[in-house]
Amino acid sequence: MATRQAQALGRLALAPSVIALAAWSFVPLALTIYFAFLRYNLQDPDNTGWAGFSNFYYFFKDPYFLKDLINTLLLVGSVIVTTVVGGVLLALLLDQPFWGRGIVRLLMISPFFIMPTVSSLVWKNLIMHPVFGLLAGIQRLFGAHQPIDWFGTYPRFSVALIVSWQWLPYAALILLTALQSLDEEQKDAAAMDGAPPLSYFYHIVLPHLARPITVVILIETIFLLNIFAEIKVTSVGGFAGNLTYLVFSQLNDATDVGMAAAGGLVAVVLANIVSAFLVRMVGKNLEA
Amino acid sequence: MGTISLKKVRKAFGDVVIIPGADLDIKDGEFIVFVGPSGCGKSTLLRLIAGLEDMTSGKIEIDGHDVTDVAPAGRELAMVFQSYALYPHMSVRNNIAFPLKMAKVDKGEIEKKIAHAAEILNLTEYLDRKPGQLSGGQRQRVAIGRAIVREPKAFLFDEPLSNLDAALRVNMRVFIMQLHKNLATTMIYVTHDQVEAMTMADRIVVLNKGTIEQVGSPLELYNKPRSLFVAGFIGSPKMNFISGKEAAQLDAHTIGIRPEHIDVTASKGLWNGTILLAEHLGSDSFLHVDASDAGRLVVRAPGEFAGKPGDKISLKPVSDRLHRFDSAGLALARG
Chain A
1 MATRQAQALG RLALAPSVIA LAAWSFVPLA LTIYFAFLRY NLQDPDNTGW
51 AGFSNFYYFF KDPYFLKDLI NTLLLVGSVI VTTVVGGVLL ALLLDQPFWG
101 RGIVRLLMIS PFFIMPTVSS LVWKNLIMHP VFGLLAGIQR LFGAHQPIDW
151 FGTYPRFSVA LIVSWQWLPY AALILLTALQ SLDEEQKDAA AMDGAPPLSY
201 FYHIVLPHLA RPITVVILIE TIFLLNIFAE IKVTSVGGFA GNLTYLVFSQ
251 LNDATDVGMA AAGGLVAVVL ANIVSAFLVR MVGKNLEA
Chain B
1001 MGTISLKKVR KAFGDVVIIP GADLDIKDGE FIVFVGPSGC GKSTLLRLIA
1051 GLEDMTSGKI EIDGHDVTDV APAGRELAMV FQSYALYPHM SVRNNIAFPL
1101 KMAKVDKGEI EKKIAHAAEI LNLTEYLDRK PGQLSGGQRQ RVAIGRAIVR
1151 EPKAFLFDEP LSNLDAALRV NMRVFIMQLH KNLATTMIYV THDQVEAMTM
1201 ADRIVVLNKG TIEQVGSPLE LYNKPRSLFV AGFIGSPKMN FISGKEAAQL
1251 DAHTIGIRPE HIDVTASKGL WNGTILLAEH LGSDSFLHVD ASDAGRLVVR
1301 APGEFAGKPG DKISLKPVSD RLHRFDSAGL ALARG
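Protein chains in written order, with this note's numbering: chain A, 1 to 288; chain B, 1001 to 1335.
Isolated chain B, as found in the complex (with noise of 0.2 angstroms):
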């Protein structure tokens, strides 16, 4: 089991406010994703349910049961951290050990559960290494695995990836997928990398100066952001948005369209403009794009579009995927 419930969740250092509360319901199993800008106070809300924070007020319950006041350790969760925070002194297995020892579990035990986890995480060979001679990605491997060895309720995965590169970052990605399905265990997974937060979460915590401005699966957020500022964070390329006069007649402060939804036709679109730059990547082509009374857009074309820079050009928005703001930044109906 492993349900995690923030009620009320406050976090100040003296006047300064990281996380006014934070309501928030996670289900056994799940994988949720605490995604945001850096200082949204995504790292902090991950601590203060790891234990790592005392909270200001408010109240933490893991499987019921209220931990506010419990140590790190006695909420039986597990942390891989950013840096990967190995013990540089000892061997790889005792690091995986280590949290073992330190509860006590007698040694044949231990040396089952090592043996077992370095055979899921691909280390046996290097179990008598110590961190300094492995590599970014089998560092993260062991940090991994000290944490499954606990047999934890929940693991808490605080920016993971961030110090790997390109592609190992891809496959440690799948990786943590793949161990999230084997396992079935409630997984928090903090990143300010939204692509990782698609791909990964089955939930999405976007976060944004402390306050949780949306929860909801990947497609929810990108097909109803209900603020301005996930529907700008959700998405890539960002989203784009019109306001004034434009705005104003569909009765909107601010209106928002995705690259993806405007089609480019010969005439008769709604905004005419010229070419300003075109990104082509193969797959796509990424225009951007002058259009008078819209402003500057970026749209996207299919990857063999030929249009160059300077070529005027007609778009159209798929209407039914226009997003509406009122003043404030909140959502409006579909109207």
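Next up, chain A with everything else stripped away, as it sits in the complex (with noise of 0.2 angstroms):
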């Protein structure tokens, strides 16, 4: 225990951090919250003053505010089931002993130090494009005249489909250091009670995962839900535009700081819903 005195001391010498974090947090909440019961749109400076709740009731019926709700919560949910389901079998997979492993768990973590904006844009331009892209080139080999145009096609899918390129190695990486934490003489437990390998897998290995895969989907969430460079780089705002999105054109196209406040507010009501629900999940799992 430490004495009354010492605590005082740990207090005051904290207090000058806590003070510079609350307000790096509470001053652009404070000021969101102001602008968002304002009228402030640039394109109409004239017109000012209390909006009351109009700039969250005209968010809500924006055309694009369920739609991109929508697009929200599936950008989330796809990349979340893709990096979980393919992060436990690439982690499996560098589990085994094969020649130059090493190098390939250190190239592994690479995607996940690349600029959103710098993969999207080669994902865009050299990988997906309907004309000069790696995709296209593929199909033209076998025979396709038209190949596919990915964002304007499947808009939503080319998104998940960089992000969770993005994000596999992160949750690769966390469940693979998981793997390597099980006990050896449970494996070999496992090995004389006679568990065939999927058995082994189901009963002993997923078991032993479920802690870290909460943990990868909490920390997931969090940053899904802000996904942005993505979307802007590849232009598919307008098809596959999560909330992130819509604030963001309310701010830059509409040019409506109270609405894109207003906006940011719900974002960060749907976070904190999600992130609840989450929370409670993980403790669950972290109780066990």
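Among these hints, one or two may not hold up.
Said to hold, decoys possible - The calculated BS3-like cross-link candidates involving lysine-lysine, where the alpha carbons are at most 25 angstroms apart (straight line), are: (1) A/Lys187 to B/Lys1153; (2) A/Lys284 to B/Lys1130; (3) B/Lys1101 to A/Lys187; (4) B/Lys1224 to B/Lys1316.
Stated by the list, open to error - To spell it out: a stretch of chain A is covered by chain B in this simulated footprint if at least three of its residues, at any positions, have a beta carbon under 8 angstroms from a beta carbon of chain B; those stretches are: (5) 180-189; (6) 199-205.
Hint data in this document are derived by calculation from the structure and do not stem from the laboratory. Bear in mind the structure is a predicted one, so any value in this text is a computation, not a measurement. For each residue, glycine too, the CB sits at the ideal point set by N, CA and C.
Put the two chains together into one complex, using the hints given.
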């Protein structure tokens, strides 16, 4: 137990950073709340004053709102499923002894280090472009005259693909470290007990991975709710935009600061609902 | 049935030879203890028998069948691990049931076997708990339960008691011996503790640097150690070794005499010395004696022995308890 004096000293020592952190997060939030209730459109500078809840009302009534809300959830959901399932499989593969494993593990994490704008550009122009893209080339090799225009035809799928590519290494790496912490004697015990590979995976490995999987889901959700660069760079905002993109277009295209602030708050509430839900789920898993 | 025989079993990792070549025949229902200092290869040998390690060369037969290329589960052996290796997310019931489920035993049968094992092991009220909620001794019993239900041809124990406290260790030791008596199944037990080896084994296999030094009943090993290593390893406190002039008089390179085989006499002993230290345990007193010619000796005296450090005493070895060894460390015939 720390003495009372040491506790007081500790609080005093922590105060500057706590105050700085609070200011850092509270000030922008407070300003957003303030703007959300103002009439504040840059194209209509004379029309000012309190707007009441009308910013929220019109944000919800925006034809894009529901569509983008669904897109947001779809994007988060599909990327999580892809990265967790793919991550488990990749981690299992990388846990096997093979020649050059060290290098492969090192290279594997690289997509995570590439700026989202850069990787989106690469995907858009070098891989998925209907004329110059690698995929188009492959399709032509097999005789296709009109290669698929990925971003035009399947905008949501394309964005999800890029984001999955970025987040797969992260999931795989966390799950790989978890796999490596599986007790050797437990593996031996399972071998003695005669568990065939699939049963071994289902009864021993998967339960061992439950915690790291929930952590991966939680962290990915927090970041994936805010995906923006991939949608903006590939210009699919009109079809596959998410709430972040909608807020951006309110601010940038409609120059409506008030409405954008209201949208931002809606996104904050959504993020809180999702994370409260997830934290409870993770908490349940961590208790066991 | 559960006879196991090892034929020229060799294990090497690259150039590092762990077990140069072991031959051993284990009879059905025997309690065999592999004992040796850490790093002597006793666990490796057990894992080779279990099939958890591949042999470099040699052959292992169980009940006369060559199992060299048979997977661990196919050898019908059960193993209890040092860390217990329970599945942490499964209840005690499911832990015990796991090998049966894998063997596709039908549900009613599984229930019956679990109930029976839980009764023997005193685990009935803990069946729905997770391993994390159990004490060390209880976990140990669950691990044994998981082994019992399979009705294996032999049980393999890999230092199962080393994570328990001293009192519990004695209890579990008795429990395992009782279990062996009731089941009459072959058991192979690995330990570095020679007290466990002496008390539990029908036959002890002493290993040194991967080589089997001697196989025999506890008393055989105690009375007729075949080498300096076995002589020094079995028995507590350690046997005294004397080399040089004293040994040469008996035509040996080294002679050995156990602390309990030296009598303390007032005078006219073989060796005279001064007590350096006296450990009074109540039942016995262990005297550390500087016997000038013979070097430093440990002598067991009765508990009520009143000698103090500094006292002069005379020591007389029990002559037919003297062990003689040649320069290679092998025992010479009694002369």
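Verification of the hints:
1. A/Lys187 to B/Lys1153: 21 angstroms, holds
2. A/Lys284 to B/Lys1130: The hint holds at about 16 angstroms.
3. B/Lys1101 to A/Lys187: Status holds; Cα separation ~17 angstroms.
4. B/Lys1224 to B/Lys1316: 20 angstroms, holds
5. 180-189: holds (count 5)
6. 199-205: holds (count 3)
The structure shown violates none of the earlier numbered hints.
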